[in-house]
Amino acid sequence: MGVNVHIEDTGERYDCVPGESLLKAMLRLGRRGIPSGCHGGGCGVCKVEITRGAVTTGAMSRAHVSADEEARGCLLACKAYPLSDVSLRVLGRMHKNVCRPAAKA
Amino acid sequence: MALTGVLRPGHAQLRVLNLEEGVHHYRDVLGMVETGRDEQGRVYLKCWDERDHNSLVLREADQAGIDFVGFKVLDKATLDKLEGDLRAYGLATERIPAGELLATGERVRFRLPSGHDIELYAEKRAVGNGLQVLNPAPWTKASENGIAPVRLDHCLLYGPNIAEVQKIFCDVLGFYLVERVLTPDGAGNVAIWLSCSHKVHDIAFVEHPEPGKLHHLSFLLESWEEVLRAADIMAMNNVTVDIGPTRHGVTRGCTIYAWDPSGNRFETFMGGYQPYPDYEPTTWTFDGLGAGGGLDYPQRKLHESFLSVVT
Ligand code: FES
Ligand SMILES: [Fe+2]
Chain A
1 MGVNVHIEDT GERYDCVPGE SLLKAMLRLG RRGIPSGCHG GGCGVCKVEI TRGAVTTGAM
61 SRAHVSADEE ARGCLLACKA YPLSDVSLRV LGRMHKNVCR PAAKA
Chain B
1 MALTGVLRPG HAQLRVLNLE EGVHHYRDVL GMVETGRDEQ GRVYLKCWDE RDHNSLVLRE
61 ADQAGIDFVG FKVLDKATLD KLEGDLRAYG LATERIPAGE LLATGERVRF RLPSGHDIEL
121 YAEKRAVGNG LQVLNPAPWT KASENGIAPV RLDHCLLYGP NIAEVQKIFC DVLGFYLVER
181 VLTPDGAGNV AIWLSCSHKV HDIAFVEHPE PGKLHHLSFL LESWEEVLRA ADIMAMNNVT
241 VDIGPTRHGV TRGCTIYAWD PSGNRFETFM GGYQPYPDYE PTTWTFDGLG AGGGLDYPQR
301 KLHESFLSVV T
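If you read the protein sequences in the order shown, they are chains A and B. Quick note: the first sequence, position 63, residue 63 per the UniProt record's numbering, numbers continuous. Quick note: the second sequence, position 224, residue 224 per the UniProt record's numbering, numbers continuous.
Derived from the structure by calculation, the hints contain no laboratory data. One thing to keep in mind: the hints can contain errors.
Some chain B residues near chain A, calculated using beta-carbon distances under 10 Å [stated by the list, open to error]:
no.: 1; residue: Leu17
no.: 2; residue: Gln63
no.: 3; residue: Thr240
no.: 4; residue: Asp242
no.: 5; residue: Trp259
no.: 6; residue: Ser262
no.: 7; residue: Asn264
no.: 8; residue: Ser308
no.: 9; residue: Val309
Note that the structure is predicted; figures quoted are calculated from it, not measured. By construction, the Cβ of each residue, glycine as well, lies at the ideal position given by its N, Cα and C atoms.
With the hints as extra help, turn the sequences into a complete structure.
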């Protein structure tokens with residue numbers, strides 16, 4: 001059974017299956033501009049803030065997510081795996097690209 | 001002998017977020033040979049056909065990226081001379097004692113104005129490639145494990161002040177410029193490919209505001225067919241691929257860019273051509289890098305990740 005993910009900034013929703021990262025599932029939206037980088041938690045292009053719901057995470061580079069941020073739910077989407085339905089906001093480069101005008105979609 | 005001074009890129013130390021995932025990637029998927037572990041916990045690997053003890057050192061850390069790149073020089077006299085030349089040029093150098101890296105002699109380290117640490121060393125223990133030096137077989141079991149590149153080939157680094165970096169490599173260390181990409185206004189370079197040998201690049205740089213960044217570490221394959229086989233092996237092992245298999249216009253190299261489990265990009269590469277120091281450097285305009293096929297010759301576009309995704 002998958003869970004549902006809500007992108008607060010755009011109102012979009014997508015499904016994420018067990019073991020799949022928030023980023024990999026988001027890419028299935030097929031939208032241009034979703035920053036797909038290293039998928040290894042190293043490059044920092046996929047930063048999000050979890051505002052509701054629970055996730056587990058893999059190792060993420062401290063160059064991009066401080067311990068404080070991690071405690072507040074600011075994470076790299078490629079290393080975050082949802083345990084429940086999740087709402088998130090997109091940050092940094094992720095915000096700039098995902099929230100580009102709809103004409104670009 | 002024509003090849004003197006700086007011989008080749010001999011080692012690089014990468015930071016990985018999880019050591020055993022990194023070892024699995026570089027040893028079992030890329031197919032390097034593990035040659036040692038030290039008391040700091042670092043893991044040492046070499047490509048099967050390399051003769052020295054190590055070319056890749058993995059260090060577990062909480063940030064991905066590259067710690068340093070080391071170049072092997074001809075001998076100790078060359079090391080002393082180049083250290084003097086770097087100091088005379090105005091760079092600070094530091095000596096790191098023999099043995100700090102396993103099987104490796106004394107290293108001279110200096111920091112580039114791009115923020116990268118570069119080392120020179122003259123000695124690393126030869127452990128051979130698994131073949132006899134006398135009447136050897138052409139290949140070995142290790143050459144058939146994983147992607148199995150023959151050597152660490154080059155790296156591409158991102159950071160500021162690459163015009164100054166070019167001067168250090170060319171005026172002090174004896175490298176020459178093979179290819180370059182101009183800035184959009186044509187007044188400077190945004191990217192440079194530098195050689196100390198007969199290779200299209202031993203190191204390359206892209207101008208970038210953040211210092212000390214890694215774009216990729218590249219490993220050499222011997223045929224296009226091996227590059228395609230590398231793509232199969234990456235897919236079988238869920239390695240995230242960035243670009244390729246394709247051909248770069250720049251250097252004419254055939255390539256795949258992909259990421260290790262910590263997000264460090266690596267390349268499996270073959271081909272190019274054999275430049276000489278007297279050749280006029282090949283020049284690409286900024287548009288030539290994208291629409292001209294400099295990055296990806298068949299696709300003729302500037303993949304967004306090329307200028308934005310680094311560790
Ligand atoms: S895609 Fe690189 S950190 Fe997520
Ligand atoms: Fe390369």
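Handout entry: Hint numbers not upheld by this structure, sorted from lowest to highest
Key = Violated hints: none; all satisfied.
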